[in-house]
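Residue numbers (the working numbering), protein chains in the order written: chain A, 1 to 110; chain B, 111 to 596.
Simulated from the structure, these hints should not be mistaken for laboratory data.
Be a bit skeptical, because a hint or two may be false.
The following label-pair restraints were derived from C-beta to C-beta distances [said to hold, decoys possible]: (1) A:Met-90 with B:Ala-427: 52 to 60 Å; (2) B:Ile-465 with A:Ser-52: 35 to 43 Å; (3) B:Asp-351 with A:Asp-12: 35 to 43 Å.
Derived, one-sided and incomplete: chain B residues facing chain A with beta-carbon distance under 10 Å [claimed, not checked]: (4) Val-276; (5) Pro-277; (6) Ile-332; (7) Leu-357; (8) Asn-360; (9) Thr-364; (10) Ser-404.
Think of the CB as a built atom: it goes at the ideal place given N, C-alpha and C, for glycine as much as any other residue.
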Amino acid sequence: MSGKDKADPNEDWVRIVSNDGYSFLVKRKVALRSGTLKAMLSEDVNFAEAASKTCEVQERAAVTQLFVEYLVHKTTYEGAPPKEEIPEFMDRIQPQMALELLVAADYLEV
Amino acid sequence: MSGNNVRGPTSALTEFLRESGITATTIARRGRNANRTEQQNEEPGAGPSNSNEDESNEAGGSTRRAIDTAGYASDNLDEEDTESQPKKRRVNKADSAKQKRGKGKKAKKDDDEDYEDEDEDAYTALSKSMWTNVGSSSSKPPVGSFETCARCEAQFTVTKYTMAAVPPPGFLCHKCAKASGADPFKKPVVPRKRKPAVGRRNVVSFEDRKFPSLVSLCVQLISKHINDVEAFGDIGAANLDRIIRALCRNRSLTPENVKLFYGAGNTELTFYDATTLIPDSLCSLAYLNPNLTSLRIDFCGRINNDVVKTWSTALPALTRLELLGPYLVRPPAWIQFFETHPQLQGLTDLRLKEIGKLDDSFLDHIKTMAKLTYLDLSDPAESLSEEGLIALLSVIGPNLTEIDLSNHKLLSDDFLKEGLQPHMARIRSLVLNGLPLLTDAGGAALFEACDNEKMVLNSLSSLVVKSSATLPSTPSYSMQVVCSRS
Numbered sequence: 001m002s003g004k005d006k007a008d009p010n011e012d013w014v015r016i017v018s019n020d021g022y023s024f025l026v027k028r029k030v031a032l033r034s035g036t037l038k039a040m041l042s043e044d045v046n047f048a049e050a051a052s053k054t055c056e057v058q059e060r061a062a063v064t065q066l067f068v069e070y071l072v073h074k075t076t077y078e079g080a081p082p083k084e085e086i087p088e089f090m091d092r093i094q095p096q097m098a099l100e101l102l103v104a105a106d107y108l109e110v
Numbered sequence: 111m112s113g114n115n116v117r118g119p120t121s122a123l124t125e126f127l128r129e130s131g132i133t134a135t136t137i138a139r140r141g142r143n144a145n146r147t148e149q150q151n152e153e154p155g156a157g158p159s160n161s162n163e164d165e166s167n168e169a170g171g172s173t174r175r176a177i178d179t180a181g182y183a184s185d186n187l188d189e190e191d192t193e194s195q196p197k198k199r200r201v202n203k204a205d206s207a208k209q210k211r212g213k214g215k216k217a218k219k220d221d222d223e224d225y226e227d228e229d230e231d232a233y234t235a236l237s238k239s240m241w242t243n244v245g246s247s248s249s250k251p252p253v254g255s256f257e258t259c260a261r262c263e264a265q266f267t268v269t270k271y272t273m274a275a276v277p278p279p280g281f282l283c284h285k286c287a288k289a290s291g292a293d294p295f296k297k298p299v300v301p302r303k304r305k306p307a308v309g310r311r312n313v314v315s316f317e318d319r320k321f322p323s324l325v326s327l328c329v330q331l332i333s334k335h336i337n338d339v340e341a342f343g344d345i346g347a348a349n350l351d352r353i354i355r356a357l358c359r360n361r362s363l364t365p366e367n368v369k370l371f372y373g374a375g376n377t378e379l380t381f382y383d384a385t386t387l388i389p390d391s392l393c394s395l396a397y398l399n400p401n402l403t404s405l406r407i408d409f410c411g412r413i414n415n416d417v418v419k420t421w422s423t424a425l426p427a428l429t430r431l432e433l434l435g436p437y438l439v440r441p442p443a444w445i446q447f448f449e450t451h452p453q454l455q456g457l458t459d460l461r462l463k464e465i466g467k468l469d470d471s472f473l474d475h476i477k478t479m480a481k482l483t484y485l486d487l488s489d490p491a492e493s494l495s496e497e498g499l500i501a502l503l504s505v506i507g508p509n510l511t512e513i514d515l516s517n518h519k520l521l522s523d524d525f526l527k528e529g530l531q532p533h534m535a536r537i538r539s540l541v542l543n544g545l546p547l548l549t550d551a552g553g554a555a556l557f558e559a560c561d562n563e564k565m566v567l568n569s570l571s572s573l574v575v576k577s578s579a580t581l582p583s584t585p586s587y588s589m590q591v592v593c594s595r596s
């Protein structure tokens with residue numbers, strides 16, 4: 001995988017870890033949709049996260065999963081042609097998760 | 111004329127004629143004038159050329175003169191020159207009265223054809239037949255009149271379905287019209303309209319493709335389910351503030367979702383941006399949070415007298431109230447509020463930040479607040495005087511622990527020495543931004559004289575620090591922010 005990094009820095013994978021230990025592997029360009037993760041992974045400041053390509057998110061897995069899903073959803077459909085139908089992401093969020101997700105999204109800048 | 115205020119689209123020619131003041135009414139009036147001129151001319155010595163001299167004619171000609179002065183004089187001048195012209199006109203009129211009476215459907219169409227290409231608008235202007243004397247022989251007679259059929263020569267009544275004979279002239283009775291193969295009931299062909307351009311080009315709106323952020327999605331979802339509070343589960347006091355923060359950051363704290371955060375269990379409540387909260391929701395805040403001890407509302411510009419009066423009847427436990435920008439509230443409401451909240455009367459913290467009308471007359475009142483520990487008078491429109499502030503600090507200074515006098519541009523080293531220095535022992539926080547008169551030496555003298563381990567020197571930006579002499583080499587207090595701009 002390390003050989004791949006050199007070729008295209010946006011094509012490598014980063015790990016997002018929830019505070020209860022679940023890992024989510026996403027493409028770097030997906031993770032960069034979040035302002036906070038972007039800062040964590042920035043090469044310029046050399047945080048431990050950037051070196052290990054692992055970001056810990058202080059949210060439980062259910063919330064982290066939704067957050068990652070949103071990042072993927074946005075990456076997938078942002079450049080979509082105008083005619084393409086975009087599924088409503090809101091339908092995926094259960095109301096009881098909304099407040100928790102709101103706080104997480106606010107912190108993670110998405 | 112008065113009935114023609116509403117006009118449909120018109121052709122360029124019609125518009126031009128209208129601008130030149132030529133309308134069918136004008137023409138008609140001209141015709142009438144011509145008649146009258148003729149009549150007047152028949153009277154001895156009543157010629158329009160000498161009407162000014164003839165007083166006796168004044169009454170009779172007044173109507174006409176009024177019309178003349180209304181802008182048609184030039185027309186009449188022409189007519190007056192030759193007496194025969196009006197007569198001729200009359201004859202003309204009499205001759206073609208029959209043809210002119212209607213709107214001359216066919217003739218009109220013929221005329222229009224010239225510029226129909228450049229303008230597809232329906233022709234809705236007044237009849238032109240009054241001045242276009244082109245032989246309107248084929249113009250349709252009015253509905254209801256009798257006409258002789260051009261083919262069978264029987265008399266028939268003209269209806270709206272009556273058709274012109276082909277070839278002209280004349281009209282056909284219903285029978286002949288049907289026999290000729292034309293359908294008299296056929297609706298007139300509506301001029302085909304240009305297709306609206308909207309259908310052809312589909313502009314992709316950028317707004318449509320923009321993704322809402324996850325935060326705004328959540329806010330939308332919360333608003334959607336706001337009436338089902340149970341759906342959100344238990345919030346908990348610790349999360350309450352984080353959620354409010356997240357909402358406020360997006361200015362999404364609305365009258366709908368703010369109810370989520372009201373509860374009898376709350377003792378502290380902070381709204382960081384209450385811009386969208388209406389007075390009603392601020393009133394219900396007081397009733398639904400009876401146990402509040404500390405309340406802070408930023409950007410609370412919509413708090414008005416009614417809200418404060420409502421608060422006067424509630425919030426019995428309140429000990430701290432912080433409002434940013436409650437500029438709609440008038441003194442009587444405040445007075446009532448403080449009368450009903452005696453616990454708030456001995457003010458300890460006073461922040462009059464960015465008060466445009468702050469002046470020295472405020473100081474006498476502030477002097478009476480003996481319990482003040484926190485004083486913020488920063489960023490006024492006009493600086494308070496140095497003498498006034500020194501006098502103030504001599505009274506309330508001994509209790510003060512925090513003070514902010516930023517942007518009082520008149521303050522100099524004398525203020526540091528006489529005003530602040532005697533009380534430095536107790537001050538924990540000092541903010542003196544934007545004081546251009548302060549010097550290095552003055553600052554150094556102040557800090558050397560004091561020995562206060564608790565002090566947090568918050569900010570001295572814009573204090574001209576020419577050397578490090580202002581700040582002691584071994585500060586005995588912690589320095590949070592020391593900004594210098596030389």
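Enumerated hints in conflict with the structure, sorted upward: Hint check: 1, 2, 4, 5, 9 and 10 fail, others pass.
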